[in-house]
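Participant: Let the hints inform the model, and build the full structure from the sequences given.
From first to last, the protein sequence lines stand for chains Z and S.
To convert, note that position 27 of the first sequence is 26 in numbering that gives the first Met the number 0; the numbers rise steadily by one, no gaps.
To convert, note that position 200 of the second sequence is 199 in numbering that gives the first Met the number 0; the numbers rise steadily by one, no gaps.
Since the hints were made in silico from the structure, they are not lab data.
It is possible that part of the hints are untrue.
[Stated by the list, open to error] Okay, the calculated beta carbon distance ranges per label pair:
| hint | chain 1 | residue 1 | chain 2 | residue 2 | range |
| --- | --- | --- | --- | --- | --- |
| 1 | Z | Leu107 | S | Arg176 | 41 to 51 Å |
| 2 | S | Asp187 | Z | Thr11 | 44 to 54 Å |
| 3 | S | Lys225 | Z | Glu43 | 43 to 53 Å |
| 4 | Z | Thr11 | S | Arg116 | 36 to 46 Å |
| 5 | S | Ala280 | Z | Asp9 | 28 to 38 Å |
[Stated by the list, open to error] Straight-line distance between alpha carbons at most 30 Å, and here's what the computed DSS-like set of lysine-lysine pairs gives:
| hint | chain 1 | residue 1 | chain 2 | residue 2 |
| --- | --- | --- | --- | --- |
| 6 | Z | Lys98 | S | Lys84 |
| 7 | S | Lys66 | Z | Lys104 |
| 8 | S | Lys183 | Z | Lys98 |
| 9 | Z | Lys36 | Z | Lys105 |
| 10 | S | Lys66 | S | Lys183 |
C-beta: ideal position from N, C-alpha, C; glycine also.
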Amino acid sequence: MAENIIEVSDNTFDSEVLKSDIPVLVDFWAPWCGPCKAITPVVEELSKDYGGKVKFAKCNVDDNPVTPGNYGIRAIPTLILFKDGQQVDQIVGMADKSKLEASIKKGL
Amino acid sequence: MQRAAYDLVVIGAGPAGLTAAIYAARAKLDVLLLEKAAPGGQILMTDWIENYPGFPDGLTGADLIMKMIEQVKRFGVSIETNEVKSLDFSTSEKQLQLSDRTVSAKSVIIASGASPRKLGVPGEGRYYGRGVSTCATCDAPFFKNSVVAAVGGGNTAVQESLFLTRFADKVYLVHRRRQLRAEKLLQDRAFANEKIQVLWNSKVTAINGSDAGVTSITIDNVVTGKSVDLPVEGCFIWVGTIPNTGFLKNSIALDEDGFIEVNHRMETSVPGVFAAGDVRATPLRQVSTAVGDGAIAASEASEYIEAQAHAKS
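Facilitator: Laid out in C-alpha cells, this is it:
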C-alpha cells in the first residue's frame, strides 16, 4: 500500500476519520473484490496529488463490519468523502480519475 | 516523458485494447495506451471465466486481466490513466484532446468497451449501492442469507446468479421471456440449483426500498398482466450493455444502438481509425472475441501506417 494511505478499522474510524482536521476519503474494499484492486492505483495517484490537503484511508469491510453497516454500504468499492465528521460525497463502483477528483474537490 | 505524437493511440485497456497494445508493440509501433478508470474494464466484474481457452481450470476476471497487463508491460507499453475529452479525425494525423494535453497519432484504435445497461425503472438510481448492483463479485457477500433478485437471461445474468447462490439463500432470476439466452451449460446449472427460481415472462417495473436500502421489487407478468411486489434485499441487473461512445460525438459511424460499425478488418468509417471489442457492433461480446478484434485492429493499424508512409515517400 502507498505510504500516504492509512488503514482504518472500526476502532480507529472515529479518531482517524470523523475527528480529522482535514477531509478524509475512505475507500471501502475487500480482498475478494476485483474492481477494488483495480481502483487502487487511481486512488494512490490522487493521494499523491492531494496529500496534505486530504487524508486517504482504506477500510477492509471483511475485518470491519460495523463501519460499513453504519453507512448502509452494500456494494464495494464505495468511496466516501468525510469532512468535519459528515458525509460530503459518495461514489459507488468503478469510477474514473476525473470523477474521483471532482468528489475530492467537494471537500476542499 | 509524455510526448505529443504517436504512431498509435489505443483508447481503453480492457481485453481488446490490451491485445491491440501487445500486437502493436511487437510491430514496433510507438503506442500510447489510455485508460480512464481501471485497466480491465467490465471483465473485472466477472467472478469466474471458464470459456477463455488456455485456462482449463478457469480463473477470475481480475486474475485474467492482471496476466494481460503483465504481458503488455513485458513488451514495453505502459498504461496511462487519462481520458479522451474530444477528438478530431478530420486530418490524416488524428488529434486527441486528453485531460491534460493534446496528442496526435497516425492511427487510433477505439476499444472503450461498454457499460451495463440500466433497467430505467423508478428506484434503480436511488438504491444503487444500497441493494441495486451490477457486480456480483463486488457485492454478493453483502447478501449472505438474503433473498435477492437477478434480472436478465443472458450469460452474465445466469453465470452471476449462480455465484450469488454461494451467499444468498434464494435468487429469483427475473426474465421477460419464456426462455433464457444463456449458454445451455449455464442454463442446466441454473435449473439444477435449488436456490434459483426463474420467474418467466416477468418484467421489473420498480425497485422499492427504505432508508436502509432495497426492500422489494415490483414485477409485471407480461402474459397475465398481473403485478406483484416481491420482497428482496438485493436487485442485481444484467440486461445487456450500452457502448462507451459518448466522447466520439459524430466523428465516426455508429449503428442505431450507438455501437461502432466496422468491417472485417475492424476499420471504422474513418481511414486509420479502428474499433475492437465490446464497443463495436458484434453478435457476441466475450473476452475471446475482444482479444481477436484487438489483434486484427493492431495488425491493420500497422499496415495502414506503413501504407501512409509509403505514399508520402
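Participant: Work down the list of hints and note, for each, if the structure agrees.
Facilitator: Quick rundown of the hints versus the structure:
Range check, Leu107 (chain Z) to Arg176 (chain S): about 50 Å between beta-carbon atoms, so the 41 to 51 Å window is met. The beta-carbon spacing between Asp187 (chain S) and Thr11 (chain Z), approximately 48 Å, falls within the hinted interval of 44 to 54 Å. Restraint check, Lys225 (chain S) to Glu43 (chain Z): a C-beta distance of roughly 52 Å satisfies the suggested window 43 to 53 Å. The hint said 36 to 46 Å for the Cβ distance between Thr11 (chain Z) and Arg116 (chain S), and at roughly 40 Å that hint holds.
At roughly 49 Å, the beta carbons of Ala280 (chain S) and Asp9 (chain Z) sit outside the given window of 28 to 38 Å. Our distance criterion of 30 Å between C-alpha atoms is met by Lys98 (chain Z) and Lys84 (chain S), whose separation comes to about 13 Å. Proximity of Lys66 (chain S) to Lys104 (chain Z) is assessed by CA-CA distance (about 34 Å); at most 30 Å being required, the pair is judged violated. For the hint linking Lys183 (chain S) to Lys98 (chain Z), the alpha-carbon distance of about 40 Å lies beyond 30 Å, and the restraint is violated.
Proximity of Lys36 (chain Z) to Lys105 (chain Z) is assessed by CA-CA distance (about 25 Å); at most 30 Å being required, the pair is judged to hold. Annotation: proposed proximity of Lys66 (chain S) to Lys183 (chain S) holds, straight-line Cα distance about 29 Å (limit 30 Å).
In the structure shown, a violation is registered for the earlier hints numbered 5, 7, 8, in ascending order.
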